[in-house]
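J.: Each chain, letter by letter, is given below.
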Amino acid sequence: MKRTIFRNQLLPWLLLAPQLAITFVFFLWPAAQAVRQSFLREDAFGTRTSFVGLANFEKLWGNAEYLNSLQVTAVFAISVTILSMGLSLILAVAVDRMIRSSRIYTTLLVWPYAVAPAVAGILWWFIFNPTIGIMPYVLAQVGYDWNHISSKSDAMTLVVIASAWKQISYNFLFFVAGLQAIPASLREAAAIDGAGPVRRFFDITFPLLSPTTFFLLVVNIVYAMFDTFGVIDATTEGGPAQATNIMVYKVYFDGFVGQNMGSSAAQSVVLMMLVLVLTVVQFRYVEKKVEY
Amino acid sequence: MASITLDNLGKIYAGGTRAVGDVNIDIADGEFIVLVGPSGCGKSTLLRMVAGLESISEGEVRIGDRVVNEVEPADRDIAMVFQNYALYPHMSVRQNLAYGLKNRRTPKAEIDRRVNQAAEILQIGKFLDRKPKALSGGQRQRVAMGRAIVREPAAFLFDEPLSNLDAKLRVAMRLEIKELQKRLRTTSLYVTHDQLEAMTLADRLVVLNGGRVEQIGTPLEVYRRPASAFVAGFIGSPAMNLIDAGAVPFLPGSAHAGQVGIRPEDMDVTPEGPIHMQVTAVEELGAQRLVHGHTAGERMTITLPSDAALSDSLRLTPRPGALHLFDRETGMRMD
Chain A
1 MKRTIFRNQL
11 LPWLLLAPQL
21 AITFVFFLWP
31 AAQAVRQSFL
41 REDAFGTRTS
51 FVGLANFEKL
61 WGNAEYLNSL
71 QVTAVFAISV
81 TILSMGLSLI
91 LAVAVDRMIR
101 SSRIYTTLLV
111 WPYAVAPAVA
121 GILWWFIFNP
131 TIGIMPYVLA
141 QVGYDWNHIS
151 SKSDAMTLVV
161 IASAWKQISY
171 NFLFFVAGLQ
181 AIPASLREAA
191 AIDGAGPVRR
201 FFDITFPLLS
211 PTTFFLLVVN
221 IVYAMFDTFG
231 VIDATTEGGP
241 AQATNIMVYK
251 VYFDGFVGQN
261 MGSSAAQSVV
271 LMMLVLVLTV
281 VQFRYVEKKV
291 EY
Chain B
293 MASITLDNLG
303 KIYAGGTRAV
313 GDVNIDIADG
323 EFIVLVGPSG
333 CGKSTLLRMV
343 AGLESISEGE
353 VRIGDRVVNE
363 VEPADRDIAM
373 VFQNYALYPH
383 MSVRQNLAYG
393 LKNRRTPKAE
403 IDRRVNQAAE
413 ILQIGKFLDR
423 KPKALSGGQR
433 QRVAMGRAIV
443 REPAAFLFDE
453 PLSNLDAKLR
463 VAMRLEIKEL
473 QKRLRTTSLY
483 VTHDQLEAMT
493 LADRLVVLNG
503 GRVEQIGTPL
513 EVYRRPASAF
523 VAGFIGSPAM
533 NLIDAGAVPF
543 LPGSAHAGQV
553 GIRPEDMDVT
563 PEGPIHMQVT
573 AVEELGAQRL
583 VHGHTAGERM
593 TITLPSDAAL
603 SDSLRLTPRP
613 GALHLFDRET
623 GMRMD
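So the protein sequences, as listed, match chains A and B. One point on numbering: in this note's numbering, the residue at position 123 of the first sequence is 123, and numbering is uninterrupted. Counting from 1 along the second sequence, just add 292 to a position and that's the residue number in this note's numbering.
So here's chain A without its partners, still in its complex pose:
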């Protein structure tokens, strides 16, 4: 790596200043505010604020709604990760076997990534709308009465599909790159060694893809837990009956709709801790290579 030595002490700080300012204003300051607020409680009219220590956190652990939200988040994150990674791996393997027109196919598959989460949410909300949507109509033909407004499992299915759909493009790109990094001669050698296509995939391709897979696993969990606010807000708004109220949506709802700032701040601090843990996992294991 090339190293630059600055003679002027001020210049490096000036060059860093815009980035530092953005980091401070948009990340450090709000985070500090959240931590501060998590120790406070306001009265109903916002006239008095009192320090309550860890009371906001203690309340969370006894709160059935919050515990439900933890469970919902886990189910949601795992489902989104498995669905989006599974589908994108299948698509990537298909492209990898394709000789012609794989470029066009790849380009088209990347498009959903450019769609904003809220728009993706609206899109799937239309598709699955019990009154006017195409999917409930199709499902009705096979005898399934779709209604995500009243059915908890239908609602969860809807938000999982909408969230996974958006992430498929991203996973797909990484899987394609990962597959192309595996020398063709390895698969040829395995073919001569008597392994059929399925066997080759599980014995050779999949193990050699594991660095990519592990990286995407972390990225997808982070995505499902934190970046899916727009999808939830545009489709189910956490309902019905808390069935899709994932942690990040509950932070918003309790804080800005329920006006319970102390609890909302405590929840966001818990989320921050989770991000911290996932980041450590990412650095410790992903950066330290699961490769060969």
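Hints listed in this document are in silico derivations from the structure and should not be mistaken for laboratory results. If a hint is listed, it holds; no wrong ones were tucked in.
Label pairs and their in silico Cβ distance ranges:
{"hint": "1", "chain 1": "A", "residue 1": "T107", "chain 2": "B", "residue 2": "V363", "range": "29 to 39 Å"}
{"hint": "2", "chain 1": "B", "residue 1": "Q387", "chain 2": "A", "residue 2": "V280", "range": "30 to 40 Å"}
{"hint": "3", "chain 1": "B", "residue 1": "V463", "chain 2": "A", "residue 2": "V280", "range": "46 to 56 Å"}
{"hint": "4", "chain 1": "B", "residue 1": "Q375", "chain 2": "A", "residue 2": "F202", "range": "24 to 34 Å"}
{"hint": "5", "chain 1": "A", "residue 1": "W111", "chain 2": "B", "residue 2": "G332", "range": "34 to 44 Å"}
{"hint": "6", "chain 1": "A", "residue 1": "F202", "chain 2": "B", "residue 2": "Q415", "range": "25 to 35 Å"}
Facing chain B, from chain A, some residues (calculated, C-beta under 10 Å):
{"hint": "7", "residue": "L186"}
{"hint": "8", "residue": "A190"}
{"hint": "9", "residue": "I192"}
{"hint": "10", "residue": "D193"}
{"hint": "11", "residue": "G196"}
{"hint": "12", "residue": "I204"}
{"hint": "13", "residue": "S210"}
If you want a taste of the chain B side facing chain A, the calculated C-beta under 7 Å gives, among others:
{"hint": "14", "residue": "L345"}
{"hint": "15", "residue": "Y391"}
{"hint": "16", "residue": "N395"}
{"hint": "17", "residue": "R396"}
The C-beta atom is built at its ideal place from N, Cα and C for all residues, glycine as well.
Keeping the supplied structure of chain A fixed, place chain B upon it in accordance with the hints.
T.: The following block gives chain B in isolation, referenced to the frame of chain A:
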């Protein structure tokens, strides 16, 4: 063990480009055949067609008595050594060797016996539990060989297996491959662009150019009687001098030929020699020296003993029977 027959074999790619055409080679059981030619001559394509990694557009490949055109690579009873070795990086050496046998449901005891035997032959017993990345280039090469040996296939296919090794190791491994093949007596098809490797390894070599066979013969046959000007220039180091016949009208036969070929070692310095050579550079090889120069505007190289007298101008006499005459139009040998 089996013979391999390539019958009018040809390969045309989807765009209509012809990579290989009219290839006829009969490989006897236990024979070591080397396919040699410049890059892009179709030698690897040919090998991959025998392996089943490339589809066959024309003709037939027979292994033993069986036509294998539509047979899967796994069922052709061949083993292949790849240029980059293609060792499975996530498996230990032992697993690499055993993988092909495991896929064929060989009993565990038999797998162990064959792996240990191959490890002993190749002296890789110490590395059996290491991963390929912990091995040197030469050791990886041995493992790649081992993976072929344990299968006890009808034929070995080698795709430039030595080209990733340094010069010294390449010479050593070349000899080992030769000895191993003599010992196992397994029919082998070997691809290389290195004419020296081809000469030293082959029972017979096949010189390819532009997707067609130029000549098939033992190394000495090809060296002594190259079938075309291309083969003459490709086989032998330093390369044969190919001189425009018009520049040396005094040489016998040059009146009808297009090119006259003379090997660098086939000329003697004599006071009345008909060929005048202006010397431009000398390369010392130790045992002998290469003298470069030109005659009548044609480049020329000769080899001389390292104690031979040198001067700026030499008169040379070709040895009797050392002239190779090639046709003006076709470049084919004339006698």
